Amino acid sequence: MARTPGPDQPVDGGGEERPAWDNKLQYLLSCVGFAVGLGNLWRFPYLCQTHGGGAFLIPYIIALAFEGIPLFHIELAVGQRLRRGSVGAWTAISPYLGGMGLGCFTVSFLVSLYYNTVLTWVLWYLLNSFQHPLPWSACPLDLNRTGLVQECRDSSPVSYFWYRRTLNVSADIGDSGPVQWRLLVCLAVSWAVVYLCVIRGIETTGKAIYFTALFPYLVLTVFLVRGLTLPGAMQGLTYLFTPDLRVLQNPRVWLDAATQIFFSLSLALGGHIAFASYNPPRNNCRRDAVSIALVNSMTSLYASIAVFSVLGFKAASDHGRCLDRNILHLINAFDLPEQSVSRDTYTVALARLNASQPAQVAGLPLEACRLEDFLDKSASGTGLAFIVFTEAVLHMPGAPVWAVLFFGMLFSLGLSSMFGNMESIITPLLDLGVMPRRVPKEVLTGLACLLCFFTATCFTLRSGSYWLEIFDQYAAALNLILLAFFEVVGVAYVYGMKRFCDDIAWMTGRRPGFYWRATWKVVSPLLLLTIFLAYVALLASSPPHYKAWNPRYERFPLRQEKPYPGWVLAACVLLSFLPTLWVPVVALGQLLARCRQKTRDPPQDRCPKPRGGRAC
Amino acid sequence: MPISVDQYAWDANEEYLFKAMVAFSMRKVPNRETTEISHVLLCNVTQRVSFWFVVTDPSRNHTLPAVEVQSAIRMNRNRINNAFFLNDQTLEFLRIPSTLAPPTDPSVPIWIIIFGVIFCIVLVATMLLIISGIRQHRRKNKGPSEMEDSEDKCENVITIENGIPCDPLDMKGGHINDAFVTEDERLTPL
Chain C
4 MARTPGPDQP VDGGGEERPA WDNKLQYLLS CVGFAVGLGN LWRFPYLCQT HGGGAFLIPY
64 IIALAFEGIP LFHIELAVGQ RLRRGSVGAW TAISPYLGGM GLGCFTVSFL VSLYYNTVLT
124 WVLWYLLNSF QHPLPWSACP LDLNRTGLVQ ECRDSSPVSY FWYRRTLNVS ADIGDSGPVQ
184 WRLLVCLAVS WAVVYLCVIR GIETTGKAIY FTALFPYLVL TVFLVRGLTL PGAMQGLTYL
244 FTPDLRVLQN PRVWLDAATQ IFFSLSLALG GHIAFASYNP PRNNCRRDAV SIALVNSMTS
304 LYASIAVFSV LGFKAASDHG RCLDRNILHL INAFDLPEQS VSRDTYTVAL ARLNASQPAQ
364 VAGLPLEACR LEDFLDKSAS GTGLAFIVFT EAVLHMPGAP VWAVLFFGML FSLGLSSMFG
424 NMESIITPLL DLGVMPRRVP KEVLTGLACL LCFFTATCFT LRSGSYWLEI FDQYAAALNL
484 ILLAFFEVVG VAYVYGMKRF CDDIAWMTGR RPGFYWRATW KVVSPLLLLT IFLAYVALLA
544 SSPPHYKAWN PRYERFPLRQ EKPYPGWVLA ACVLLSFLPT LWVPVVALGQ LLARCRQKTR
604 DPPQDRCPKP RGGRAC
Chain Y
24 MPISVDQYAW DANEEYLFKA MVAFSMRKVP NRETTEISHV LLCNVTQRVS FWFVVTDPSR
84 NHTLPAVEVQ SAIRMNRNRI NNAFFLNDQT LEFLRIPSTL APPTDPSVPI WIIIFGVIFC
144 IVLVATMLLI ISGIRQHRRK NKGPSEMEDS EDKCENVITI ENGIPCDPLD MKGGHINDAF
204 VTEDERLTPL
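Chains as they are written, first to last, in this note's numbering: chain C, 4 to 619; chain Y, 24 to 213.
Hints were generated in silico from the structure; no laboratory data involved.
Some clues are possibly wrong.
Derived PhoX-like pairs: lysine-lysine, alpha-carbon spacing no greater than 25 Å straight-line [claimed, not checked]:
| hint | chain 1 | residue 1 | chain 2 | residue 2 |
| --- | --- | --- | --- | --- |
| 1 | C | Lys501 | C | Lys524 |
| 2 | C | Lys210 | C | Lys444 |
| 3 | C | Lys210 | Y | Lys51 |
| 4 | C | Lys565 | C | Lys27 |
| 5 | C | Lys380 | C | Lys550 |
| 6 | C | Lys444 | Y | Lys165 |
| 7 | C | Lys27 | C | Lys210 |
| 8 | Y | Lys163 | C | Lys444 |
| 9 | C | Lys380 | C | Lys501 |
To list a few chain C residues with every Cβ distance to chain Y over 10 Å, as calculated [claimed, not checked]:
| hint | residue |
| --- | --- |
| 10 | Val225 |
| 11 | Asn253 |
| 12 | Met301 |
| 13 | His332 |
All figures in this text were calculated on a predicted structure; none of them were measured in a lab.
The C-beta atom is built at its ideal place from N, Cα and C for all residues, glycine as well.
Please model the entire structure based on the sequences and the hints provided.
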């Protein structure tokens, strides 16, 4: 049986056989686990809520169809075809594009640093969830035991536990303070768990992914069922999904949809290229790309239903408590019998008292209790997970169980994304042959994890959370968009659309249709360029500032907005552009090397053939 | 002093019990052991079950200072609460702040225990994986030198004669004799 030779079959990276997935399911679960991460849980529901509920799905689906799926297909096809990590793959496409692989590698390194720090925080909360009552349910007593701690009393027990007992955050980014030993040991365990799972590359992550990719779905289902049976859940859901089509006129909504789909699929990090490179060469990567992208979006929707049923419950119970406080004021002031005014009869009673004794009613400190105000209190990111949701969990019966489940789910969601991040760091290192062949893979992964651990200790300082925000906003966002743009342009124009379509036809058995070619050649690059420019315009429109937690602020517990000091701004700019600088640097380097070779060699061989066989 | 009651109705008997509890608290104070129930007076009882009360001294000439009564009630707050099946939130004494419960800190914080468990598991698992990796590595290094003589006996070598592959006689443990394969398989195709 002779195989029809594929066009320009590249030599495999290294003489040894490349590791392969045990079965297709491991590969699919790894890609799904990498794509489905914390953002699906705490960014998408927030965007849905603030951008008009169900109406947000329109720009989201459009972005998915014209940006998410085409880019994803390119990554999987490139990895599967060239059978190398990001550095090797882009060098094989064109030596001038080798810098892209290095850029992806650098961004993956930066992202894994701060992503695992978020997992450290999740782990800390998980460790503290095994007790009843939960430590964030009540304020601790102050030093002489006469009252509660001032900072906690002014804000709330949940905020106090997050800002003081977990982060011990300083009031200013310049004030870094000492390393927090609690976070340091959790960081060590976090990296130890990551090392345990990636120790032998996909051999070990392939086994671990069965648990880490599927456990979150189980917990989400449990939360969904529990959430839907809680009072107030339906109000939360209707509020979330009621479409407000006017938001579509706001360009910010389209930008957010595009960036959300982009970051949600974890594109341009090199992880999907690495995963696909371990596939057999003939695998239907088009079907994989479409199905994984759809699973990712479905998971976002599923998670937002679960999250919002719980948040609806929280809003309803906060509203109920607000009413109870008002009722207590009324009863105390007018000496009414206990329980004569219930939550339902409150408005009637208030109207009656206001009619008969308006002066006295006006003197009472009554709050305006509207359910919409409580439902509007949305949060995203760490605010959702560590403040809003933890408070919601406090009021559910059997709170420690729900806390353990929630933080366990967050940990495994983040862990499966970390596998992808680490693969995008380790696979290029293995392909480049950084360590001699005798050295086993375990040493390489160990050294990588150790280096990441030591570098990440800067996030355990007291100003660590401020730096994490900087990394999240500046190191990841702009670089990934630029790298994705170069990816699409590199494949569509430098590698050649015809050649790429031939490769895909050889791998999947069918040439890509008009939709794919149109998006790769025109739509996606234009879209990415627009997103990049809009993002830069957005960042430049307001001077960069951060929100500090300062107990001495006069409007505490509101967070104080402070501008970044000069040296921090310089760091932001460096982070934004340094990884992408690899692209022009390597291209220039290659150009100079070629020119020098041309002038040195006799001019008979004008066109040296780079690996990959593309004549110039 | 508001009470929120849903288990029983507040009537004169409950008021008597309250007076008894206050008298009991005062009797525990040195110098006040002779306080009687009749010395406790309630006034301004409202429908909401809130009222003012005072304790007079045995001669009924003047009331005792509020500070003394407050400290006495503070000492026995728990007994008074339990007599009425209430707690500090539902039986509220104005101007008598509750004594806050001391924090129940276990000797070892719970999170350290769980942390220790997880850390040990991860350490042991990592060690096992590393050791099995080293063993596999050693076996692979020793392996290629042993495999060379058995390579000749490899059954995968299929000799081809006249375009027909000849399967080596595979005795299959004596159950099947390949020499007696059915005729049409052995004949050269026409």
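Verification of the supplied hints:
no.	hint	verdict
1	C:Lys501 / C:Lys524	11 Å, holds
2	C:Lys210 / C:Lys444	17 Å, holds
3	C:Lys210 / Y:Lys51	70 Å, violated
4	C:Lys565 / C:Lys27	50 Å, violated
5	C:Lys380 / C:Lys550	17 Å, holds
6	C:Lys444 / Y:Lys165	19 Å, holds
7	C:Lys27 / C:Lys210	13 Å, holds
8	Y:Lys163 / C:Lys444	14 Å, holds
9	C:Lys380 / C:Lys501	51 Å, violated
10	Val225	21 Å, holds
11	Asn253	44 Å, holds
12	Met301	32 Å, holds
13	His332	12 Å, holds
The earlier numbered hints that this structure contradicts are 3, 4, 9.
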